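Line order of the protein sequences matches chains A and B.
The first sequence: position 49 = 49 (our numbering), numbered continuously.
The second sequence: position 57 = 57 (our numbering), numbered continuously.
I should point out that these hints are in silico values taken from the structure, not numbers from a laboratory.
Just so you know, these numbers come straight off a predicted model, no measurement behind them.
There could be a bad hint or two in this list.
[As the list claims (entries may be wrong)] Subject to a maximum C-alpha distance of 30 angstroms in a straight line, what follows is the list of computed DSBU-like cross-link-like pairs (lysine-lysine):
no.	chain 1	residue 1	chain 2	residue 2
1	B	K45	A	K68
2	B	K39	B	K107
3	B	K107	B	K45
4	A	K13	B	K107
5	B	K39	B	K103
6	A	K68	B	K50
7	B	K39	A	K102
8	B	K103	B	K45
9	A	K13	B	K39
10	A	K102	B	K50
11	B	K42	B	K103
12	B	K103	A	K102
13	B	K107	B	K42
14	B	K103	B	K50
15	A	K68	B	K42
16	B	K42	A	K102
17	B	K45	A	K102
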Amino acid sequence: QVQLQQSGPGLVKPSQTLSLTCAISGDSVSANSVAWDWIRQSPSRGLEWLGRTYYTSRWYNDYAEPMKGRININSDTTNNQVSLQLSSVTPEDTAIYYCARKNGVFAFDIWGQGTMVTVSS
Amino acid sequence: DIQMTQSPSTLSPSVGDRVTITCRASQSISDWLAWYQHKPGKAPKLLIYKASSLESGVPSRFSGTRSGTEFTLTITSLQPDDLATYYCQQYNSYPWTFGQGTKVEIK
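For reference, chain A alone in the conformation it holds in the complex:
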């Protein structure tokens, strides 16, 4: 049974970097035909896809255009996890952040439990 366990701080100061981790059990971070995505939800934006990382002979990343320049998604094969870093945060980045597995035709079939992140001084 695949499970995703998220961790990270729930409060980040403006201009600092938001960092979250998603630990994967029951699957491999470098498995073929799956990707590990980050999605957030806020009242103003609804569900918003942020980016992904996946392995097909080498590692690839894709990021949502509005996030480019601020976002970094990394894989950690030693600990079988993925991480999200979002720099220069503002209150607009306040949201529930989710990691999710994109499994080919099955779309996002497994989700983490979500992390509420508030950007405030």
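Go by the hints and put chain B onto chain A.
Chain B alone, transformed into the frame defined by chain A:
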């Protein structure tokens, strides 16, 4: 980006009612559409993938159909446990995009 227009934004049916939620894509996405159920404090749950395929373990009262760029999620007999917000999502092309959500409040 592909826009997903979902309607209605809220529904207040009674237990046992047939519920229909619609999602329209701004351009062709073939069958690459998923439906999710989201309850407060929980992770979204995949219900339907590839427009009409039922995810394993999901009750058969949920079904999905496609007509061109219009997609429909139907709950044939609403149950109290179906109180949630439902989202559509296209995965035909990047960036993946979601509908605005339909909140189902049981009357």
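Status of the hints after comparison with the structure:
1. For the given pair, B:K45 sits about 28 angstroms from A:K68 by alpha-carbon distance, which is consistent with the 30 angstroms threshold.
2. Annotation: proposed proximity of B:K39 to B:K107 holds, straight-line Cα distance about 17 angstroms (limit 30 angstroms).
3. A C-alpha spacing of about 23 angstroms is found between B:K107 and B:K45, which places the hinted pair at or below 30 angstroms, so the restraint holds.
4. Note on A:K13 and B:K107: the hinted pairing is violated, with a Cα-Cα distance of about 41 angstroms set against a maximum of 30 angstroms.
5. This hinted pair checks out: B:K39 and B:K103 have alpha carbons roughly 10 angstroms apart, not beyond 30 angstroms.
6. Restraint check for A:K68 and B:K50: the C-alpha separation of about 29 angstroms stays at or below 30 angstroms, so the hint holds.
7. Between the alpha carbons of B:K39 and A:K102 the distance comes to roughly 20 angstroms, so the proposed pair stays at or under 30 angstroms and holds.
8. The suggested pairing of B:K103 with B:K45 holds, with an alpha-carbon distance near 15 angstroms, which does not exceed 30 angstroms.
9. Distance check on the hinted pair: A:K13 and B:K39 sit about 28 angstroms apart at the alpha-carbon level, within 30 angstroms; holds.
10. Between A:K102 and B:K50, the direct Cα distance comes to roughly 13 angstroms. Compliance with the 30 angstroms bound is thereby established for this hinted pair.
11. Among the hinted pairs, B:K42 with B:K103 is consistent with the structure: their alpha-carbon atoms are about 15 angstroms apart, no more than 30 angstroms.
12. This hinted pair checks out: B:K103 and A:K102 have alpha carbons roughly 24 angstroms apart, not beyond 30 angstroms.
13. Simply put, B:K107 and B:K42 have alpha-carbon atoms about 22 angstroms apart, close enough for the 30 angstroms limit, and the pair holds.
14. For the suggested pair B:K103 and B:K50, the alpha carbons sit about 22 angstroms apart, so the restraint of at most 30 angstroms is met.
15. Between the alpha carbons of A:K68 and B:K42 the distance comes to roughly 28 angstroms, so the proposed pair stays at or under 30 angstroms and holds.
16. Using a Cα cut-off of 30 angstroms, the hinted pair B:K42 and A:K102 holds, with the two alpha carbons roughly 18 angstroms apart.
17. Proximity of B:K45 to A:K102 is assessed by CA-CA distance (about 13 angstroms); at most 30 angstroms being required, the pair is judged to hold.
In this structure, only the earlier hint numbered 4 is contradicted, and the remaining ones agree with it.
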